[in-house]
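Letter by letter, the chains look like this.
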Amino acid sequence: MRRTDLEPVLEAKEVSKRFPGVLALDGVSLALRPGEVHALVGENGAGKSTLIKVFTGVYQPDGGELRHQGEPAAFGTPMDAQRAGISTIYQEVNLVPMMSVARNLLLGREPRRFGVIDAAAMNGEAERVLAGYGVDTDVRRPLRTLGVGGQQMVALARAVSIDARVVIMDEPTSSLEPREVETLFGVIRRLRDQGIAVMYVSHRLDELYQVCDQVTVLRDGRVAHTGALADVERLRLISLMLGRDLNEVRSHGMTRFSRDRAAADPAGAPDGGESRRSPAVEARGLTRRHVLDGVDVSVRPGEVVGLGGLLGAGRTETAKAIVGALPLDGGQVLVAGAPVRAGSTTAAIRAGVSLLPEDRKAEGIIPTLSVRENIALAALPSLGRAGVVSDAKIDRVVEIFMRRLRIKAASPHQLVSELSGGNQQKVLLARWLAVRPKVLLLDEPTRGIDVGAKAEVQALIDELAGEGLGVLLISSDLEELVEGADRILVLRDGAVAGELSGDDVTEERIMATIAEQSDG
Amino acid sequence: MAELTTRGGGRVAVLKPRVFAWVQDYGVYAAVLALLLFNVLFTPHFLDASNFRTQLVQVTPIVIVSLGMALVIGTQGIDLSVGSAMSLAAALVVLYLGYGWLPALIVAVLGGAAVGAVGGALVAYVNVQPIVATLALLVGVRGLANVLVPQLVEFRNPDLIALGSSSVAGIPVIVLIAAALTLVVMFVVRRTTFGRQVVAIGGNRSASELSGLPVRRVLLIVYVISGLLAALAGVLATARLQASDPTSLGLFIELSAITAVVVGGTPLTGGRIRVLSTVMGALLMQLLAATLIKHNLPQSWTQMVQAVIILAAVYATRERATR
Chain B
0 MRRTDLEPVL EAKEVSKRFP GVLALDGVSL ALRPGEVHAL VGENGAGKST
50 LIKVFTGVYQ PDGGELRHQG EPAAFGTPMD AQRAGISTIY QEVNLVPMMS
100 VARNLLLGRE PRRFGVIDAA AMNGEAERVL AGYGVDTDVR RPLRTLGVGG
150 QQMVALARAV SIDARVVIMD EPTSSLEPRE VETLFGVIRR LRDQGIAVMY
200 VSHRLDELYQ VCDQVTVLRD GRVAHTGALA DVERLRLISL MLGRDLNEVR
250 SHGMTRFSRD RAAADPAGAP DGGESRRSPA VEARGLTRRH VLDGVDVSVR
300 PGEVVGLGGL LGAGRTETAK AIVGALPLDG GQVLVAGAPV RAGSTTAAIR
350 AGVSLLPEDR KAEGIIPTLS VRENIALAAL PSLGRAGVVS DAKIDRVVEI
400 FMRRLRIKAA SPHQLVSELS GGNQQKVLLA RWLAVRPKVL LLDEPTRGID
450 VGAKAEVQAL IDELAGEGLG VLLISSDLEE LVEGADRILV LRDGAVAGEL
500 SGDDVTEERI MATIAEQSDG
Chain C
0 MAELTTRGGG RVAVLKPRVF AWVQDYGVYA AVLALLLFNV LFTPHFLDAS
50 NFRTQLVQVT PIVIVSLGMA LVIGTQGIDL SVGSAMSLAA ALVVLYLGYG
100 WLPALIVAVL GGAAVGAVGG ALVAYVNVQP IVATLALLVG VRGLANVLVP
150 QLVEFRNPDL IALGSSSVAG IPVIVLIAAA LTLVVMFVVR RTTFGRQVVA
200 IGGNRSASEL SGLPVRRVLL IVYVISGLLA ALAGVLATAR LQASDPTSLG
250 LFIELSAITA VVVGGTPLTG GRIRVLSTVM GALLMQLLAA TLIKHNLPQS
300 WTQMVQAVII LAAVYATRER ATR
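Keeping their order, the protein sequence lines are chains B and C.
Going by numbering that gives the first Met the number 0, the residue at position 203 of the first sequence is 202; the numbering climbs one at a time, nothing skipped.
Going by numbering that gives the first Met the number 0, the residue at position 15 of the second sequence is 14; the numbering climbs one at a time, nothing skipped.
Hints are computed from structural coordinates only; laboratory data are not their basis.
This one's a predicted model, so the numbers in the text were calculated from it and none came from an experiment.
All the given hints hold, so there is nothing to weed out.
To be clear about the criterion: a stretch of chain B counts as covered by chain C if any three or more of its residues have a C-beta under 8 Å from a C-beta of chain C, and this derived list gives those stretches:
{"hint": "1", "stretch": "340-347"}
{"hint": "2", "stretch": "354-364"}
{"hint": "3", "stretch": "371-379"}
{"hint": "4", "stretch": "384-391"}
Partial list, derived from the structure: chain B residues whose beta carbon lies under 7 Å from chain C:
{"hint": "5", "residue": "Ala324"}
{"hint": "6", "residue": "Thr367"}
{"hint": "7", "residue": "Leu368"}
We put the beta carbon where it would ideally sit given N, CA and C, even for glycine.
Modelling step: build the complete structure from the supplied sequences, incorporating the hints.
Right, dumping it as structure tokens:
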């Protein structure tokens, strides 16, 4: 704040970037000044990674201007950006794991004698530099023997030692121990005092408020807010990220959820309270280092349980853990009271729990196969006899679901990869409904699909719950969550931060729960 | 979406992708037919039964091996160990010939299946890259075969010799076996749960895992089938030679098999298996070599023309993937 008079070292002015079908950045302006730690926040698809890639020369902007030290700059390649003193520390450390710590640190700038690398000088130099970063290790050992935190420090030290004026950190603490986080913050503060500009990307609000001075919030490719972080209280920051105006949050909106189904009203449930009380699926103490910390979730038949929280809070991981697709350090999943074999999606599906994954393309569709085969995939063993598939049975199932979900395809034999996103999503829903699950976990079921398909999917969720299916709904769209779910679990930093039910299921309460200070 | 825009375009714009798609689907059949026609017209004695039969008999081992290779490639894998599995089968079959030809054949085929099981287990359960896992077997298993049978061994078992040289209705038995195996593999790929799972795993492994498919088991079985078919090809080739020659039997056949699969239009990126086209691919390469030799062009010419065909096939397959 006190430095706003300084000239920005790196600045984006009205930068736009278009990809086929989306405007990823829409007139984004952001100035990084020497000696400031600038938080960049936003939910999935807000444009953070696109902006970072523009700053680091991976993408070229389609419109607007990039300025470096006050001069217009064009970084044609990541190398250009590096030469201009812009260094990036990625989530995954981009060093050479098999080479020694010292080689990694000084790669390309090794001290030489008579044209060959002077190992003694190199190791000495490396030890000296790393000591300043709290890394005390034998620099001759391969980098991979260091923990993730240590590797990140090496990456950081390397960035700074090649004369970086700007350091961009993308989720640097996602796999660090608390002690390592403290060391990192110490280093960041030192960089700031040396007049280096730091851009800090993270979803952990506690951390932002500890180290950052400035904040820029991106939403849907635009700047939603920029200014001093101290002037933005937590709740306001969250509402800026999620795009909900605090004063305008209302509980009736544009989604297609009806909210008046039996499940929303336990007393009036047609089949009495008994089946309602015993959960269809129950997960206890799901734990995985750095990711999940003792998450308990249960879903009863006919109930839609929402899973809320910011990106990186552990929502997707919870869903994956329930279906056995995420290796766990601890915890148990029970279906109808009986434990399911851990780490086996096959066992989970057989028990009646299926996951509609978030990443349709990478984890959902089989692009080389037809609509028909994509629908039949999970149910194949039941659609035949003695391992030979029955075309008649498949045709029947495919026809039923293509009609019920109104899947628009030229024919069942069309390649699934030729369909629109919404229709692909319906194909995946059909794949799961064909195995007749008891519980369906839906991870962002309406992301990236058009408005019409979105309403159809939402209506379908309602309808399925009405038929007694248990649903776990993950959505970044608060409105969808509030109107779709009977009960909401809010996750923060891999743990359940709160449970909302009844009249508490509102957007304000979700945001307030996210905003509560986590302990420690 | 892409399809709608294609249809919305002008007549020429519609025609071109259609022609291209036709070439992708049926090009290899057309090429085989064209080559046959050329030979009937211009190559003397081409249709003589003995000549034509020789061509078919020669290509049989490649056809059988490439059936297994097509399955493996369909999973985004590769099996370099097939030639060595053949040589192991050749060694085992003469070692156990004393118990009769059928027990010997069974032992040999089981040996090939074991080679496949080791490769498949490395790929599926230890996550070794297929090319590395099967490369190790390519080297090691031939060594084992050479230890078992250090030099060429001739044999006189009349049944085994008959398997390699007799005919039914003028068609060599081994050609009939290859044809039958082709039909079986086609059925497996198209009509069985296992076959559909193989293709799905090749198309998107993580989606298949999340869909509850037994991914590791399917991968293991695919390599077992490949080893098993290679061993069968090894026994048939040995029967035809009337001698067991583990040192040189099946050398470089993995390359011929991969060529057949690629020329048949199965993409190395997996997710699609074209069985009959693979057989056509093998036939095409064989006919091409025979034609050029019959017309007095040196072997080196054959190789260069084959290279052009491989590149053309890869180009066609690649276009399909990005369409």
